[in-house]
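A.B. asks: One letter stands for each residue in the lines below.
2 protein chains.
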Amino acid sequence: MGVLEFHGQQYLDGHASDPREFGWMRGAPPPVDKRITFESDCFRSFPRIRWSLSHMRELTATVNVWRGPGAPSHFERHLRTSDIEALVFTDSNGCRRRFDEALFDTYADGIVVLHRGRIVYERYFGELEPHLPHACHSVTKSYAGTLAAAFVHEGVLDDSKSISHYLPELRSTAWEDATLRQVMDMQTGLAHTETYADEKSDIWAYSRACGFRPRLAGYDGPQTMCDYLQTVCKEGRHGETFDYLTVNTEVMTWVMSRVTGHSFAQLLQERLWAPLGCEDDAYVLVDSAGMPMAGAGLCTSLRDLARFGELMRCEGVWNGKQLIPASVVQDVQNGDHPAKVSNGSYRSQWWVTHNELGAIEARGIHGQRLYIAPKTEMVVARFASHPLASAEVGDIITMPQMLALGRMLRG
Amino acid sequence: MGVLEFHGQQYLDGHASDPREFGWMRGAPPPVDKRITFESDCFRSFPRIRWSLSHMRELTATVNVWRGPGAPSHFERHLRTSDIEALVFTDSNGCRRRFDEALFDTYADGIVVLHRGRIVYERYFGELEPHLPHACHSVTKSYAGTLAAAFVHEGVLDDSKSISHYLPELRSTAWEDATLRQVMDMQTGLAHTETYADEKSDIWAYSRACGFRPRLAGYDGPQTMCDYLQTVCKEGRHGETFDYLTVNTEVMTWVMSRVTGHSFAQLLQERLWAPLGCEDDAYVLVDSAGMPMAGAGLCTSLRDLARFGELMRCEGVWNGKQLIPASVVQDVQNGDHPAKVSNGSYRSQWWVTHNELGAIEARGIHGQRLYIAPKTEMVVARFASHPLASAEVGDIITMPQMLALGRMLRG
Chain A
6 MGVLEFHGQQ YLDGHASDPR EFGWMRGAPP PVDKRITFES DCFRSFPRIR
56 WSLSHMRELT ATVNVWRGPG APSHFERHLR TSDIEALVFT DSNGCRRRFD
106 EALFDTYADG IVVLHRGRIV YERYFGELEP HLPHACHSVT KSYAGTLAAA
156 FVHEGVLDDS KSISHYLPEL RSTAWEDATL RQVMDMQTGL AHTETYADEK
206 SDIWAYSRAC GFRPRLAGYD GPQTMCDYLQ TVCKEGRHGE TFDYLTVNTE
256 VMTWVMSRVT GHSFAQLLQE RLWAPLGCED DAYVLVDSAG MPMAGAGLCT
306 SLRDLARFGE LMRCEGVWNG KQLIPASVVQ DVQNGDHPAK VSNGSYRSQW
356 WVTHNELGAI EARGIHGQRL YIAPKTEMVV ARFASHPLAS AEVGDIITMP
406 QMLALGRMLR G
Chain B
6 MGVLEFHGQQ YLDGHASDPR EFGWMRGAPP PVDKRITFES DCFRSFPRIR
56 WSLSHMRELT ATVNVWRGPG APSHFERHLR TSDIEALVFT DSNGCRRRFD
106 EALFDTYADG IVVLHRGRIV YERYFGELEP HLPHACHSVT KSYAGTLAAA
156 FVHEGVLDDS KSISHYLPEL RSTAWEDATL RQVMDMQTGL AHTETYADEK
206 SDIWAYSRAC GFRPRLAGYD GPQTMCDYLQ TVCKEGRHGE TFDYLTVNTE
256 VMTWVMSRVT GHSFAQLLQE RLWAPLGCED DAYVLVDSAG MPMAGAGLCT
306 SLRDLARFGE LMRCEGVWNG KQLIPASVVQ DVQNGDHPAK VSNGSYRSQW
356 WVTHNELGAI EARGIHGQRL YIAPKTEMVV ARFASHPLAS AEVGDIITMP
406 QMLALGRMLR G
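Read top to bottom, the protein sequences are chains A and B.
Every letter in the first sequence is one number past the one before it in my numbering, and letter 145, counting from 1, is 150.
Every letter in the second sequence is one number past the one before it in my numbering, and letter 292, counting from 1, is 297.
Just chain A, same shape as in the assembly (with noise of 0.2 Å):
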């Protein structure tokens, strides 16, 4: 049986990892031994998240991101499956790999390949098809931050001004003096620590309050996502460094809903799901106030996460109609000067790789990746169910691979 090694620890690999084999949660009922549930917290250990990923609402409350009552936009194909299958890189140690193991080695849940806007390569395995939403963790900041800076640049949202001036809940918090714009580029100075390996980081009592991860007895923490936010203090300076907090996706978002009055699952219905010609309804994990999650929250299917990236290919337009601002992805393409991330920036809740392909990325901490590379005309959503809580550790494998695939199609 195959197995991977990641941080000197062994984990089965992406064929020997397949929930269809464990037979997680099947039967009526399912036996005990092959039980997923959120109370046990087991749900996020692997080799059991290689199930839970493409079944989060089963676990735990949910809104709808409803799709609208029309058919579907059609994507046309254009398969390049044998051609991508066979496609050979160098990964970053220096490995030689074909695409389709490398997806087996990075535990891919699917893939769906655009070229000029057309489905060239698209792969399902384990628990995931195409109509199933996926979790996608922190792909969802990269919605939650286009849609803020689609509002700052129509005027709803003043980027300059100060959280506080939007929110007075978060006075005499960590945010009281922070812009939004400083919470959209993660460049915030918070006494807030988000190690997932780390039991005690703080990242896990805001998962708590959310409800996104089980309260033991007796818990008395804060109740709601918004209590925990207000329990955030500052630490160090505004604007100056870059520091990837989730807490800063959920202060922006919380600022959006109260300009608008529209929860992030209606705005993502109403500026994304309905426009976009959606195949699927989307859904979103709620905390117990129903505060849709946004910076982790979002489950969608793989083809309409590869519609959303189609979007910000073609600088918004979509079907003719420009449905998010040309200028707000070019300003995420242009990313953050200086680039205060290591290997590209981070913009408007993008990862900015500043490479040949001119790709920004949307990424998930469990391999979950929207890489969009203007210059070769691809998009590529892909969902995955790493073993690690740690986008990096495929990058390896990953980036080169984009890299490969998009100098492939350019030809």
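Treat the hints as calculated values from the structure; they're not laboratory data.
Glycine residues also receive a C-beta, built at the ideal position from the N, C-alpha and C atoms.
Wrong hints could be hidden among the right ones.
DEER-style ranges, computed between Cβ atoms [to be verified]:
id	chain 1	residue 1	chain 2	residue 2	range
1	A	Q327	B	R82	33 to 43 Å
2	A	G28	B	E245	37 to 47 Å
3	A	S347	B	R263	49 to 59 Å
4	A	G28	B	T198	29 to 39 Å
5	A	G28	B	R242	48 to 58 Å
Given chain A, work out where chain B should sit, using these hints.
C.D. replies: Positioned in the frame of chain A, the structure of chain B alone reads:
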């Protein structure tokens, strides 16, 4: 402000309890006194229930019932709104009522009336919207019963066999020597009560096991629905009296899932949602083992409920295809003889009126109803959120209302 009295207690009427006026769960975040949470159990209490029944998935875990990739089936519209709203009828207490006001007096959230397959009336109130799934509660049972009867017809199940033949886990329980047919027709002798007004009734222990109601701190009862069912003991004899108990529906559906290998949600998708061309995905509440609650857990949009009604009116034929065997529908319409239910009978999880319209009914505890009247080619699908957990309380108005409407449409 309008009030109505039931069982000596006063309640805000249908207008005054409109959830939009209360502003439940509006705002980012909603004010504390406007929140509706699962944990507090307040979601079930009036007037909050008028919001909750249109938002169940935002409160707890659910599994999707996918409508499939195609376009929805088309309903012709031939609206007779003013005729129908002006219809005056006499309720069972002798009170004259207008059709439209009677909807408010029974806390309707929405209604669709089909005549000869065309929509002649459609209204939404309060929180409900055309695409939004609403809790069906026990209307769910009639979906499950129809599927079970179809499997019996097809020879997949044998309704003369005992439950323990199919589910060895239920040996040494009430169901050991009950036949599948007795369970389908609610003719079992169980030491189990279903009295919603009594907090100590077994229905609430069942609900807590299923995760349908919150558990108190230190809860050490059954963790899942199937665990709970294994605790139910026999009392009296099977096959003698009608005793309406939701646990029977769970047992019946457990048999279906065990034998077919498909969950209730999958069966709904394969046998009904996809072939009917439903407009919207539906969903079913699940317990912590992922078992969908077939006794009360379905949430569907109103038009899709009407589609199921039209299928039954047309003896299982939809767009020229026999989706449900005609003999299954005829057997339901014939009802159980001799009738063991006051004012009618009960067959395969349907209420049979034996009235002049030949009506059969699926009935939910807060006034949800699918009323199918073959003799006047009418189907009425309605959702409601009545303050009382008692389907009978609305009957005083709704039964004469349906009869008057059926007579009017017959012309």
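A.B. asks: For G28/A and T198/B, compare the CB-CB distance with the range 29 to 39 Å and indicate the outcome.
C.D. replies: Since G28/A and T198/B have Cβ atoms about 37 Å apart, the given range 29 to 39 Å holds.
A.B. asks: At the C-beta level, are Q327/A and R82/B separated by a distance inside 33 to 43 Å?
C.D. replies: holds (34 Å)
A.B. asks: So does G28/A sit 37 to 47 Å from E245/B, Cβ to Cβ?
C.D. replies: holds (41 Å)
A.B. asks: Honestly, do G28/A and R242/B meet the 48 to 58 Å range at C-beta?
C.D. replies: Check failed, 40 Å falls outside 48 to 58 Å.
A.B. asks: Go ahead and decide if the range 49 to 59 Å is satisfied by the Cβ distance of S347/A to R263/B.
C.D. replies: holds (54 Å)
Checked against the numbered hints given earlier, this structure breaks only hint 5.
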